[in-house]
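Q: Based on these hints, arrange chain B on the given structure of chain A.
Residue numbers (the numbering used here), protein chains in the order written: chain A, 13 to 491; chain B, 12 to 269.
Think of the hints as simulated: they come from the structure by calculation, not from any bench. The structure presented is a predicted model; accordingly, all values stated were derived computationally and were not measured. Certain hints may be false.
Claimed, not checked - Below, in silico cross-link-like pairs of lysine-lysine (DSS-like), each with a Cα-Cα straight-line distance of 30 Å or less:
#1 A:Lys468 / B:Lys123
#2 A:Lys468 / B:Lys140
#3 A:Lys307 / A:Lys356
#4 A:Lys435 / B:Lys123
#5 B:Lys124 / A:Lys464
#6 A:Lys468 / B:Lys115
#7 A:Lys426 / A:Lys464
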Amino acid sequence: MSTEQLKNIFSKDYAAGFITDIESDTLPPGLSEDIIRFISNKKQEPEFLLEWRLKAYKHWQTLREPHWSKAQYSPIDYQKIIYYSAPKTDGKPTSLKDIDPKLLATYDKLGIPLYEQERLSGIAIDAVFDSVSVATTFKAKLAEMGIIFCSFSEAAQNHPELIKQYLGTVVSYTDNFYAALNAAVFTDGSFCYIPKGVRCPMELSTYFRINAANTGQFERTLIIAEPDSYVSYLEGCTAPRRDENQLHAAVVELIALDNAYIKYSTVQNWYPGDETGKGGIYNFVTKRGLCKGKKSKISWTQIETGSAITWKYPSVILQGDDSIGEFYSVALTNNFQQADTGTKMIHIGKNTKSTILAKGISAGKGQNTYRGLVQIHKKADLARNYTQCDSLLLGGTCGAHTLPVIETHNPTAKVEHEATTSKISEEQLFYCQQRGIAPEDAITMIVNGFCKAVFKELPMEFAVEAQKLLEISLEGSVG
Amino acid sequence: MHNTILDIKNLSVSIDNKHIINNLDLEIKAGAIHAIMGPNGAGKSTLAHFLTGRPEYIREAGSVSYLGADLLALTPEERAWQGIYLSFQYPVAIQGVSNIQFLKTSLNAIRKKRNLPPLDAVDILQQVKNNMRNLQMDEALLYRSINEGFSGGEKKRNEILQMSLLEPTLAILDETDSGLDIDALKAVADGVNALRAPTRALLIITHYQRLLDYIEPDYIHVLHNGRIIHSGDKSLGPTLEQKGYGWLTEATQEILPS
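The following block holds chain B by itself, in its conformation from the complex:
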């Protein structure tokens, strides 16, 4: 077992020649939950997409190792096969591809790479329905085209449903709480908490403390101008909620060279 799941060192990332992430360092150990907060445009979603391999994001400097190996040498699907999961902020719809078909295709693609036999629809369905109950999801969503006409809450629950079946080693939640009412938030948090395990790690990207009321992080990092300017334990959340980011961002501007 690897003690360190993700190790980001001195990472700089750009898109369209614009630097978004600057000299970022972050180590995520097995069993830990890290939350990344920060103002709009801080680079939070960029980090999520870069780590999962979106081709538009370019590494300018630094390294990322995942389970001790170079993460950036892998294609997006290879990262998925090795247990990296992203809960998308904006999950996309695919016309004519049912939710259950997508789940089955995804699950079996990953199982195949792990030398596990494919599961048939009956095996999958039983587990899916069980997990859907926990997430308080309507089973009818299984037979609709994935994410097509889903409400915001249904999309987010569906992301967590997929996560619960794929059982990732590193799950990245990109603003999973946005657009959720309080019931949905609780259901999603329960789904995430159910996956907590000493062998897994979670990276939660969020604007707000409220998700962290239900999923207790071990660490909270404040991202600003593409770099972590402050880290703390779970008590940092309520402080940020109260005071905003100003006191941190202004302080860093003073110490940053112009």
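Extracted from the complex, chain A is given alone in its bound form:
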């Protein structure tokens, strides 16, 4: 199959690209101390949080936008971004009945019904729309087990002690440019707290939706797993089709104490821009987990199919002895999409283990970079890492890059790295065609096969969604 024929596979409609026409409270664009005070006040935050935001803002002003990634884009004017936009409500909704039907319809259309009885019973959802959480399901049921699952804003009001204890302990506001910006202006996100010994009985999930134009989304998620607890958390994201680029700069912090296990899965489907590279989300995200306790485990799984630019390195700090970090990733870039993604595994404790499995698929003029760091500290005796990076190229106009860095300061460490780059060969396609499988279906099947090892890490329902998403993203690249 020629490049010419491949060109079309990837151009099906972005199904989540619609706009919800809803009245919003929206701030004028621009960033200042006043804006930050407004956000904090709007959310009735405790004083310490406002102080923290202001410190972060001061620090951010001393920083410069990082440009070490492979991504190419024009400078972002941070004074043109709207930092707060929320659907208008009369007071605080206490139940779904009080929520604007347009919002409920939006989530229905996205396939995320918010009525508990309509949900598969295995998943609780926090729905974040622009700058605010509009609903969280199954809160009461989870509370019976001592699990706190609510919007970040609510947690700041109702559980300030937990926020104060953990906020910024994994990703400090001085971490990087976007983490500092997020700390200053974050508007909402999800908060999860799993008490000691509790195995969370359902998947917790946040669905992020950007709707308003020229608005940035800056959410912050904090998950704390007390000793011997378990939680599986899912994250999904979409945005309307717009010609302007929009900024999404989130921070996610995970803390796993002794023998706790946090499994964090993402299906990222932000609007990727059109086939000429116009529009799309800039997804500049800092995600990091701290395996604080002994034998704790944090596992990241991400399916990145959306966004114009992805800049994201979900990482694990393996502080507790015998702790485990995992990173499973599929990143697909098509048209003019650019992904610079990977992970950092920081081995501090003894006998810590990490696994990295990264699959990159490039098509069109897409550029896909794996960037990873495996760092073994002095005292991390017997640390182990296994890394595998595979790239699949569709056509001759895309690119795949692998930039792994390994630093070991302990002679007992064992670090393995494997990398492959392949193309779907003419032979493979012809073989499939000879068996009656049309080229488009063949490519979908081959790409799904390529991603299989990562897909099987996803919770069942998500795995199906991920496969479908890949199919949609792939459609049209054969003439």
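A: Same frame as chain A, but now just chain B:
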């Protein structure tokens, strides 16, 4: 029912401007088994790939009709839908796509085009396992990525397994016997023989007589320089085994214009 399944007339084929098939004529009738033998580079595999639609091979002249219609107007998958099957000399591996998944996808793609309802995994599995027993194949191969790490014999048996499920009208076997030990050869031959039917035809491409000891052809053709220089019945096989191709190729060189 069509009496003639494949009719090749005056066919010339090139790849990269190199002529491989020259003025070839061949008619294959329903129920018949044709074998094509010949020295290396005679154009045997080219014929197999051309008939199944590999885009690199270009028709320079002539025609091919399949079941009375123009075969060359069809895409490779359309040919498969209409019952043409190629057992590959070098079957390709596809990482992460299990053998059973591939079989199911293939079978249902073809069934769909024939307006048959799709079969679910349970229906398929029963038949597949039965056919695997006959081919003396390990069932574990169903759950491995297709052809990935398969031995030469496993790959060839797997090709025949797929054929047995897809039940083609015209099956082309491209050097299916190469790399097979005698047990595998017998198992493969049994699998092929089980498909013999008055409505089907087979085109067997091979270097050696030994496969033809187990699958008896009705006709044997000798291909040389892209053209059939000699045809005979099954008795031609042992003669070729004994005398080689020299006596035929030298004779044609004398009669061919230089």
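Q: Identify every previously stated hint that the structure contradicts and give their numbers, smallest first.
A: none
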